[in-house]
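K.L.:
Chain by chain, the residues run as shown.
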Amino acid sequence: MSKKILTVDDSKTIRMIIQRAFRAHDCSLCEAANGEEGLAVAAREKPDLIILDITMPVMDGITMLTKLRQDPELKATPVIMLSAESGQANVATISQLGISDYLVKPFKEEQLLEKAGKVIALQLKPAA
Amino acid sequence: MRRCASVTMRFEMTFMTTTIKKTNLIDEVGDLLNSSVPEVFNTMLTLEAVPASPPDLHSSGETLVAGSVGFIGDVNGVVYLHLTAAFARALAGKMLGLTDAELEGDEMVNDVIGEVSNMIVGAVKSRLCDSGSPCVLTIPCVVRGQDFKVASAGASERRLLGFRCGADHFLVELLMKPSH
Numbered sequence: 001m002s003k004k005i006l007t008v009d010d011s012k013t014i015r016m017i018i019q020r021a022f023r024a025h026d027c028s029l030c031e032a033a034n035g036e037e038g039l040a041v042a043a044r045e046k047p048d049l050i051i052l053d054i055t056m057p058v059m060d061g062i063t064m065l066t067k068l069r070q071d072p073e074l075k076a077t078p079v080i081m082l083s084a085e086s087g088q089a090n091v092a093t094i095s096q097l098g099i100s101d102y103l104v105k106p107f108k109e110e111q112l113l114e115k116a117g118k119v120i121a122l123q124l125k126p127a128a
Numbered sequence: 001m002r003r004c005a006s007v008t009m010r011f012e013m014t015f016m017t018t019t020i021k022k023t024n025l026i027d028e029v030g031d032l033l034n035s036s037v038p039e040v041f042n043t044m045l046t047l048e049a050v051p052a053s054p055p056d057l058h059s060s061g062e063t064l065v066a067g068s069v070g071f072i073g074d075v076n077g078v079v080y081l082h083l084t085a086a087f088a089r090a091l092a093g094k095m096l097g098l099t100d101a102e103l104e105g106d107e108m109v110n111d112v113i114g115e116v117s118n119m120i121v122g123a124v125k126s127r128l129c130d131s132g133s134p135c136v137l138t139i140p141c142v143v144r145g146q147d148f149k150v151a152s153a154g155a156s157e158r159r160l161l162g163f164r165c166g167a168d169h170f171l172v173e174l175l176m177k178p179s180h
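Chains as they are written, first to last, in this note's numbering: chain G, 1 to 128; chain U, 1 to 180.
Just so you know, these hints were derived from the structure itself, not from any lab.
For every residue, glycine included, the Cβ atom is placed at its ideal position computed from N, Cα and C.
One thing to keep in mind: the hints can contain errors.
[Stated by the list, open to error] Here are the in silico distance ranges between beta carbons for each label pair: (1) D31/U <-> V58/G: 32 to 40 Å; (2) E102/U <-> L97/G: 45 to 53 Å; (3) R158/U <-> V91/G: 29 to 37 Å; (4) G145/U <-> Q19/G: 47 to 55 Å; (5) A151/U <-> R69/G: 39 to 47 Å; (6) L98/U <-> G117/G: 21 to 29 Å; (7) T66/G <-> G166/U: 20 to 28 Å; (8) L124/G <-> A167/U: 48 to 56 Å; (9) T138/U <-> T93/G: 17 to 25 Å.
[Stated by the list, open to error] In silico EDC-like links for lysine to aspartate or glutamate, alpha-carbon gap of 20 Å or less: (10) K108/G <-> E48/U; (11) K3/G <-> E31/G; (12) K115/G <-> E37/G; (13) K115/G <-> E31/G; (14) K75/G <-> D26/G; (15) K4/G <-> D26/G; (16) K115/G <-> D26/G; (17) K12/G <-> D168/U; (18) K125/G <-> D26/G; (19) K75/G <-> E110/G; (20) K12/G <-> E107/U; (21) K12/G <-> E109/G; (22) K94/U <-> D31/U; (23) K94/U <-> E110/G; (24) K75/G <-> E109/G; (25) K108/G <-> E39/U; (26) K12/G <-> E73/G; (27) K4/G <-> D101/G; (28) K125/G <-> D101/G; (29) K12/G <-> D100/U; (30) K94/U <-> E109/G; (31) K67/G <-> E110/G; (32) K67/G <-> D101/G; (33) K12/G <-> E102/U; (34) K3/G <-> D60/G; (35) K12/G <-> D106/U; (36) K108/G <-> E36/G.
This is chain U alone, in the form it adopts within the complex:
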């Protein structure tokens, strides 16, 4: 039986002025993600993640895992790291130095994906803060299932960034409250 889940985002924080260029802010954050994703994969997993076309994971029928971390403050948004469950499990084993049999169910895999998401968005957050756009991170969340979609409750801008890691592909989805 296919499971469906939907994730609804709400942006309720006050939007304030910032000193960094707002017009292309989502593209600037996208660029930051394009550098932080490979950095985290290289440092924590000794794996090379290369920017690639965004994969269509959600039509594959495979079970997917999505780690999410938001940033709230002068700039507001959320980043989702979408991977197949099989790739997420492989990453967890690599990061923890455990065999597939040693991984305890999905709990450890979810924790690893949450932490990887946290590191990726943490690097972005730090650069935003240093650029004069202070914000804080939310606690990482992990969603697991098939055919789930991320939907924003309000108007938001969206960017999809694809990556290739060996034979596997994964997706980084960025949703941001538009700047005015």
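Chain G extracted, bound-state conformation:
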């Protein structure tokens, strides 16, 4: 069954790179440019995985993650944090909020696929 992945990042560049990373896999991607939009899209789409940036305008990733974990319908959604910030204290704080994994920018697409593959069952698209 096709998996649904939500990307929340204010950078269109990152959203496009993530889209490209998963293009060979049987999954659909939806996106949001900040935490507020991300919560709305998550409530509507019920994604199997959320790939979440930290530093964003309007609502940052930590606030979105906190609200997500308080929502009875969304609290179990796996989240991979994707951020340019890798400080030990930062990672420790975020880990306490309940994340599946943490990927630091810069990153290679293979690293993202490997981490996502540990959280959801990724399958290649059937040959056309």
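Assemble the complex: chain G is given as a structure, and chain U must be docked to it using the hints.
P.N.:
The following block gives chain U in isolation, referenced to the frame of chain G:
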């Protein structure tokens, strides 16, 4: 017609003590940039960026793009990534896997340069935090034009770091509030 723009920086955050060596702090941050720039270029663009003499891009008459990200906290500063518009466009195409025709005007190029700047300074920020100097990043900004100069509103220290990437050269400018 030549366009001119000026960018004024303001440091208004409280300056606090830190546990890492302050006397050469700007040089330490410069060293961190000298390692984070090649790392980001290699990982995200599969390009080799090699430290080189700082180029004089601003007298070239070419349109320039400058991505900037600040760090605010126990240490305060801002980093500008200066490139020619042509090189910035080439980087955007490479990073997104798009042809020149597929890049939508300048918007996508600006977004890529903002994100590359964010990754470069993010790596520096993380190392500063791990060294006992907590700080946060600002949202990336991108300036585009000709003959613009970066000026600090208050006293600041400045370092210019040059890089070569194939036949192209680019500049990383670091401005920091002096440590006391």
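K.L.:
Hint by hint, work out which the structure violates, then give me just those numbers in ascending order.
P.N.:
2, 4, 7, 8, 12, 14, 17, 19, 22, 24, 26, 28, 31, 34 and 36
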